[in-house]
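Asker: Just so you know, the protein sequences line up as chains A and X, in that order.
If you're matching positions, the first sequence starts at 1 in the numbering used here and goes up one per residue.
If you're matching positions, the second sequence starts at 390 in the numbering used here and goes up one per residue.
Please note that the accuracy of each hint is not assured.
Per label pair, the in silico range of CB-to-CB distance [unchecked claim]:
1. A:R122 with X:D451: 29 to 37 Å
2. X:D451 with A:V151: 23 to 31 Å
3. A:G108 with X:E498: 42 to 50 Å
4. X:D446 with A:D121: 33 to 41 Å
5. X:R579 with A:F117: 26 to 34 Å
6. A:V32 with X:G475: 48 to 56 Å
7. X:D403 with A:R16: 57 to 65 Å
8. A:D166 with X:E498: 52 to 60 Å
9. X:P591 with A:V32: 45 to 53 Å
10. A:G50 with X:G475: 48 to 56 Å
11. X:R431 with A:R16: 55 to 63 Å
Here are some chain X residues pointing at chain A (derived, C-beta under 8 Å) [claimed, not checked]:
12. C416
13. Y518
14. I607
15. V631
16. G632
Just so you know, the hints here were simulated from the structure itself, not pulled from any lab data.
Virtual Cβ for every residue (Gly too), placed ideally from N, Cα, C.
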Amino acid sequence: MAAETGVPDARELYDRAACGLLVTAADGTIVVVNDTFCRWIGLARDELVGRRKLQELLTVGARIFHQTHWAPLLQMQGSVAEVKLDLVHAGGEIKPMILNAVSRTTDGVVRHEIAAFGAEDRHRYERELLHARRRAEELHTRSMETQRALVDAQAELDVQRRAAEDRALFAEQMMGVVSHDLRNPLSTIQLSATVLKAQELTPKQRNRVEAILRATARSTRMIADLLDFTQARLGRGLHVDPAEIDPHAVVGQAVDDLRIAYPGRSVVLRTAGTGRAFVDADRLAQLLGNLVSNAIAHGDPEGTVTIASAIDDRALTLTVHNTGAPIPAAQMPALFEPMTRGEAKGEGIGLGLFIVREIARRHGGSVAARSSMAEGTTVEVILPLRAGG
Amino acid sequence: MDVLARNNVRVAGDGATTLVFLHGFGCDQNMWRLLAPSYARRRRVVTLDLVGSGASDLSAYDFDKYSTLQGYADDLIEVVDAIGRGPVVCVGHSVSAMIGMLAGIAAPERFRGHVMVGPSPCYVNDGDYVGGFSRADIDGLLETMESNYLGWSSTMAPAIMGAPSQPELAVELTNSFCRTDPKIAQHFARVTFLSDHRADVPRLAAPTLVVQCHDDLIAPRSVGEFLARTLPQSTLRVIDNVGHCPHLSSPSACASAMDEFLATVGA
Chain A
1 MAAETGVPDA RELYDRAACG LLVTAADGTI VVVNDTFCRW IGLARDELVG RRKLQELLTV
61 GARIFHQTHW APLLQMQGSV AEVKLDLVHA GGEIKPMILN AVSRTTDGVV RHEIAAFGAE
121 DRHRYERELL HARRRAEELH TRSMETQRAL VDAQAELDVQ RRAAEDRALF AEQMMGVVSH
181 DLRNPLSTIQ LSATVLKAQE LTPKQRNRVE AILRATARST RMIADLLDFT QARLGRGLHV
241 DPAEIDPHAV VGQAVDDLRI AYPGRSVVLR TAGTGRAFVD ADRLAQLLGN LVSNAIAHGD
301 PEGTVTIASA IDDRALTLTV HNTGAPIPAA QMPALFEPMT RGEAKGEGIG LGLFIVREIA
361 RRHGGSVAAR SSMAEGTTVE VILPLRAGG
Chain X
390 MDVLARNNVR VAGDGATTLV FLHGFGCDQN MWRLLAPSYA RRRRVVTLDL VGSGASDLSA
450 YDFDKYSTLQ GYADDLIEVV DAIGRGPVVC VGHSVSAMIG MLAGIAAPER FRGHVMVGPS
510 PCYVNDGDYV GGFSRADIDG LLETMESNYL GWSSTMAPAI MGAPSQPELA VELTNSFCRT
570 DPKIAQHFAR VTFLSDHRAD VPRLAAPTLV VQCHDDLIAP RSVGEFLART LPQSTLRVID
630 NVGHCPHLSS PSACASAMDE FLATVGA
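Here chain A stands alone, though its shape is the one from the complex (with noise of 0.2 Å):
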């Protein structure tokens, strides 16, 4: 073959190609090897050439691949490409090269004819992405999990929220039922001291009856509270018939009756403006009788309870005052929450500034409240002339 100038024979392209070529026999046994491929894995060709397998310059890993994958794809198809295998340095170093391997029969003997390239670069850029994605699975997997803990913590979230609901609810319930099965004795209680009370009493039974009759009355005020409330935190809420009204008639009638409930006691009345208002006359009286119970029992022994009732073109504004210590500043937030200010003087059960409230919101009113020492303590209460205007 006539050589072109500058180009080296067959043989030494062959030797020193720039990859790594050998012929095998069918069980692997290297038959040809050029120089290249002596170089790459450290031993000389005699070292090689009938007396390795190339399965033998295989980590233990690449060679269960080479028995499993490359051996039956070679025989099946005549051929295998692109197949990366660790091969071992004579060193001990490994060698990740890419084969292409083609086998030819010649005469009725197999040849398997292979190309190596060498891959180190590939490989260790292959590795790091292999583990980035290892990483990125890891990282996923993390974050599902993340995600499932959450959806199970609000799962339990909601159940023990649904098991508080119902507790209350039924607590709820039973204050309810209680309260009002109990009316039933206390009114035959309070009509037969009603009727003690019209007979003929030496003075220490007169007594007697009429602490009687004093402590139905503020048990019945306590189970009408009772009712109240669990009207109010159950279903449709705090009953109210509203009715055209005057209201400064409503409260001065209350006025009065307030000062038969608290004799000596200092109670005042003012009023401003003059009109007429929609509103449910008796849960106006109820709603006053609590403020002005509260700060009875609050305020100032000495002092003076004012009540300030004021009509202007819209609303009706009411406002109690008394002197005496402030509401501690700790307790303002939540004051007519039910059952948080302590009624100390054993007047009711910590449900009159709740049913205040109450009543106002059915009017589409509003409550307020404000103390300090220099000032007292004042409550305003403004209700709209009528609900919703």
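Since the structure of chain A is already known, use the hints to place chain X on it.
Answerer: Frame of chain A, contents of chain X only:
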């Protein structure tokens, strides 16, 4: 579920005896193409792809079910039921020899005998037992597999089959016999090479032929001898072959060992 479609079951030939061929770890039922067809002249020959391999239904690959070889053994029993006319002779290569064994223990009435080609009940060395590999070797295999997807890519339909006699054909057909979803291949490799069924070996009552190659890296002779010693009814035949796939590299030696065995079990 259609188990015949799931396992890409192919039936060829006919006869009184049914042989069921199971491929090993790596490729698919094409591994039998130099051996199985000769049996189709007088017998019914069934070949299949294990779920996760070849043209099996990859969507049926349940990582839990196939986390032990028992999952594959259960599949085999279902296939034997579906094709009918048992008992059959199971011919299993490599890991599938153990799959056949587990099926034979679970459903002995369905198997007349077992042919184990290059079997190993445990690949990892353990005390006096020489399986041939250390745990680190198996990790090395898993790493090699990670570097070789063998023509797999998610954009390619796994059903494409190559034209084996024309390797220079389209590049995408290359390596198709061994093409597997990389995740499944990794999992199958782990399950295969970390399995240990030595304790099950004495429980296989049916007659069994162990075809042992004289030089097999994956299933060394000591392993074949262990099996022959431990199986209740066994014949050990050592054939002259280098490598783990004598059904490809020495099909006639395999056939003569098998013929002798089949005659003894009346198949």
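Asker: What hint numbers does the structure not satisfy?
Answerer: Structure breaks hint 13 only.
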